[in-house]
Amino acid sequence: MAETFVFEIVTPGRMMLSRPAEMVVIPGEAGNFGVLPGHSPMLSTLRPGTVEIREQNLKILEQIFVEQGFAEVTTERCTVLAEEAIAVRDITRDEAEARLSRAHDALMAADTPGIRRGAERELRAAEAMIEALDAYEKG
Amino acid sequence: MPSLKDLRNRIASVQSTQKITSAMKMVAASKLKRAQASAEEGRPYGERMERMLAQMVASMSSLQSAPKLLSGHGTDNSYLIVAVTGDRGLCGGFNSSIVRETRRRITALEGEGKQVKLLCVGRKGRDVLRRDHAGRIVDSMENVTRSGAQFAPARDIAKRLRNMFEAGEFDTCIVIYNTFKSAISQEVTVKQIIPFPVEQLAAGGKDRVAASEAEYELEPGEDQLLGSLLPANLSMQIFRALLESYASEQGARMTAMENATNNAADMIDKLRLKYNRTRQAAITTELIEIISGAEAL
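Protein chains in written order, with the numbering used here: chain A, 1 to 139; chain B, 1 to 297.
Read the hints as simulated data drawn from the structure, not as lab findings. None of these values were measured; they are calculated from a predicted model. Heads up, some of the hints might be wrong.
In silico contact screen, one side only, chain B against chain A (beta carbon under 8 Å); selected entries [what the hints assert, rightly or not]:
no. : residue
1   : Glu-50
2   : Leu-271
3   : Tyr-275
Computed far set for chain A versus chain B, every beta-carbon distance over 10 Å [unchecked claim]:
no. : residue
4   : Ala-2
5   : Glu-8
6   : Arg-14
7   : Met-15
8   : Glu-29
9   : Pro-37
10  : Met-42
11  : Glu-62
12  : Glu-83
13  : Ile-86
14  : Ala-87
15  : Arg-89
16  : Thr-92
17  : Asp-111
18  : Ala-119
19  : Lys-138
For every residue, glycine included, the Cβ atom is placed at its ideal position computed from N, Cα and C.
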């Protein structure tokens, strides 16, 4: 059994996941980063994307799509706080595409810079969701 | 002296009221159960967010350069009070205690020469506060916790507050809501959320950081990280207030309806006694009439 650390995904509504993990890949704002046991402490914001829980040999165990979140890493644990989180296998293409087209419409209709920024963020999230789904279906 | 028919009607009407109140009690009890569970499930997020924030604040060089949500505008002239009430009544002192506290705060703050604005969450609070503070209410929201407390409305409220704060419409924001203690007691809580009170965080955070001797690497920079952590924390604070308030509302309603059901039962007993006495008195009178009639022959 390889060395593990405690990995948690927490959303406002519930503790979504809490398990030991050997390796986790997190979609940081500045790019994906991998977390292994004993990682140096860090705090990072996340971009919408997929959190992957992997085995030491890189085999993917679980994929979870998160948006609007933060990650806290210490030497013995890693916590992801996300306003929304959903297991990638539970995303349906229809929903993701509906969301994308809603985001496009919202962006078209946006008339103030504030609303526009919000719409752009939503669009990025929807695109990331579809990307996550594509990557998942490819395996 | 009410007639027998009047009494019968009266009993029937109290009985149907009792049926309603006991049904409302049941509904509130089951909602309360769910509300408590979701308050429980929402706790880890809040705890971890505060831990992260505490660690950031503790490792920060100075608070002067911090985002405004943390350091404030530097002035303290205008206040925004967010009063969290329910949309419905029939829940004992739940709404009125919030209204009372809000009024007290307004008077106190204006006595100090501050400017006060009000944001009402929940219809009941707005309806009452509108009577004497109509000019201060900037906005009110309804149906926020219609199907339980959700995160999305909390985020919307937080966004609204942030926009107002950035536009300089207020310097300090406090929320007034009921905290759930037990089904029979709620506690009115007043909490400052903008600027976020650092003192309490820093105290707890320093110990923890010292304990782990950890110097966190920050990504992207401190400013950006705080810039997104603080708004998220604001949403979380409001979400927590909504959760507490919703659980309190159900608890208060359950207790109030239980009392009402008991009162109705007492009333029915009394009315039934009165009904029986009246009926017997009527029979006795009739008998006396018959007997004295027979004797007269």
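We went through each hint and held it up to the structure:
1. Glu-50: Since chain A brings no Cβ nearer than about 11 Å to Glu-50(B), farther than 8 Å, the hint is violated.
2. Leu-271: With Cβ-Cβ at 48 Å, over 8 Å, it is violated.
3. Tyr-275: violated, 53 Å
4. Ala-2: holds, 24 Å
5. Glu-8: violated, 8 Å
6. Arg-14: Label violated. Min Cβ-Cβ 4 Å, cutoff 10 Å.
7. Met-15: Met-15(A) is in fact no farther than 10 Å from some Cβ atom of chain B, at 5 Å.
8. Glu-29: violated, 6 Å
9. Pro-37: holds, 15 Å
10. Met-42: violated, 4 Å
11. Glu-62: At roughly 19 Å from the nearest Cβ of chain B, Glu-62(A) sits farther out than 10 Å, so the non-interface label holds.
12. Glu-83: violated, 7 Å
13. Ile-86: holds, 14 Å
14. Ala-87: holds, 17 Å
15. Arg-89: It holds; Arg-89(A) is separated from chain B by about 22 Å at its closest Cβ, greater than 10 Å.
16. Thr-92: At roughly 20 Å from the nearest Cβ of chain B, Thr-92(A) sits farther out than 10 Å, so the non-interface label holds.
17. Asp-111: holds, 15 Å
18. Ala-119: holds, 14 Å
19. Lys-138: For Lys-138(A), whose nearest Cβ neighbour in chain B is about 28 Å away, the distance exceeds 10 Å, so it holds.
The structure does not agree with the numbered hints 1, 2, 3, 5, 6, 7, 8, 10, 12 stated previously, though it agrees with the rest.
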